[in-house]
Amino acid sequence: MINTLKRIAVVFFLMAIISSDVQAQAKKQVAVIFDTDMGPDYDDAGAIAILHALADSGECHILATVGSNRSPWIAEVLSVMNTYFGRPEIPVGIVHEPAQHIAAYQKWDSLAVERYPHRVSGNAAAYDAVPLYRRLLSAQPDNSVTIVTVGFFTNLANLLASQPDSISSLNGKEMIRRKVKLLVSMAGRFDDQMGTFKEFNVVRDAPASVKVFGEWTSPILFSGFEIGARLHTGLPLVADSSIVHSPVKDIFSISIPMDPNDRNGRMSWDETAVLVAVRGPGSYFTTVKGHITGHTDGSNGWDAAGSRDAYLVQKMDVKDMEDVLNRLMMHQPVAR
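Start counting the sequence shown at 4; every next residue gets the next number (the working numbering).
Hints are supplied without guarantee of correctness; some may be wrong.
[To be verified] With a straight-line cut-off of 20 Å between C-alpha atoms, the simulated PhoX-like cross-links for lysine-lysine are:
1. K214 with K184
2. K292 with K322
3. K184 with K31
4. K184 with K292
5. K201 with K176
6. K214 with K201
[To be verified] Here are the simulated distance ranges between beta carbons:
7. G198 with R330: 27 to 37 Å
8. F203 with K110: 30 to 40 Å
9. E218 with R118: 35 to 45 Å
10. P263 with S169: 29 to 39 Å
11. A164 with K292: 22 to 32 Å
12. Q143 with D300: 31 to 41 Å
13. D300 with D195: 12 to 22 Å
14. D168 with R311: 37 to 47 Å
By construction, these hints were calculated from the structure, which means they are not laboratory data. The beta-carbon is built from N, C-alpha and C at its ideal position, and this holds for glycine as well.
Produce the complete structure using the sequences and hints provided.
This is the structure:
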């Protein structure tokens, strides 16, 4: 009897340890909302592939994928990606008007929608971005959500301007201050061309960029134009014959040959933002603290005396960094 009781006690002890480990792992996961202009460029496809790879490794939990562009294909492309990686239930949001409308000139977006299954049938079937943001943020613990934006700041400016409603008594600024731990953004430029260069994500909705840069109430970490411009990815994915029927591979296979500037692979702006949103700068980058300043012409400056923000500076060897990104982009769906 005593031995039996001891065995039961040991079993319960081990179960408690396992439960504790599972809870600790869950707590380590970064809760991510991914906001993208999916269409004007195709590094967004590499970025969402990396996000799902990191989710499969238990490093993050994807709360939503949201479009800051009203391309006719964007909601369906996001649904294609989520479905391909075994998470068709992830909510898809779409920016409301006024907004940019930019489809992929290589036509990879419409081809992906034609070739691959997806649950969301058009932008009209997606959630409106701001209510989706408010609903998701209000349901999360305080200071727990990382938003990663690799597109225009339209949704985030609209979230800032949102007022108390049936979802929450908090206005947008209060909700961001309470719920958002970090905003990670592929935007701007922070090298010797800062102040004159008009980075695409910033200039395409400059009023929204200025509003977010001026009013955002959580820390912001920037992966600037100069970071992704050095890093080229996608060729190993295209060359891997073991990867078949993959929308990510299709997108890079279609697009790389159409631009002579991509003969070494596509520049990797958006992928770096997703990587640091989940893993932090780590061994990849150092950071410079300060505060971004937005200009109405779409350029940006930097106030070194500020403390809210930081931007990335390359630390890891470029080839090693490319290897990290390529491996994650080549990740294949896991059985569920």
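Hints versus structure:
Of the supplied pair hints, the one linking K214 and K184 holds, its CA atoms being roughly 19 Å apart against a limit of 20 Å. In summary, the hint linking K292 to K322 is not supported, as the alpha carbons are separated by about 26 Å, beyond the 20 Å threshold. Taken as a hint, the K184 and K31 pair is honoured in the structure, with Cα atoms around 14 Å apart against an allowance of 20 Å. Annotation: proposed proximity of K184 to K292 holds, straight-line Cα distance about 17 Å (limit 20 Å).
A distance of roughly 27 Å separates the Cα atoms of K201 and K176; the hinted pair therefore is violated under the 20 Å criterion. Between the alpha carbons of K214 and K201 the distance comes to roughly 16 Å, so the proposed pair stays at or under 20 Å and holds. Separation of G198 from R330 is about 36 Å and conforms to the stated range, judged on CB atoms against 27 to 37 Å. The hint said 30 to 40 Å for the Cβ distance between F203 and K110, and at roughly 20 Å that hint is violated.
In this structure the supplied range 35 to 45 Å holds for E218 paired with R118, their Cβ-Cβ distance being about 41 Å. The supplied range of 29 to 39 Å is broken by P263 and S169, whose beta-carbon atoms lie about 52 Å from each other. Distance hint check for A164 and K292: the Cβ-Cβ separation is about 27 Å, which falls inside the suggested range of 22 to 32 Å. The beta-carbon spacing between Q143 and D300, approximately 36 Å, falls within the hinted interval of 31 to 41 Å.
The hint said 12 to 22 Å for the Cβ distance between D300 and D195, and at roughly 18 Å that hint holds. Between D168 and R311, the C-beta spacing of about 27 Å breaks the proposed range 37 to 47 Å.
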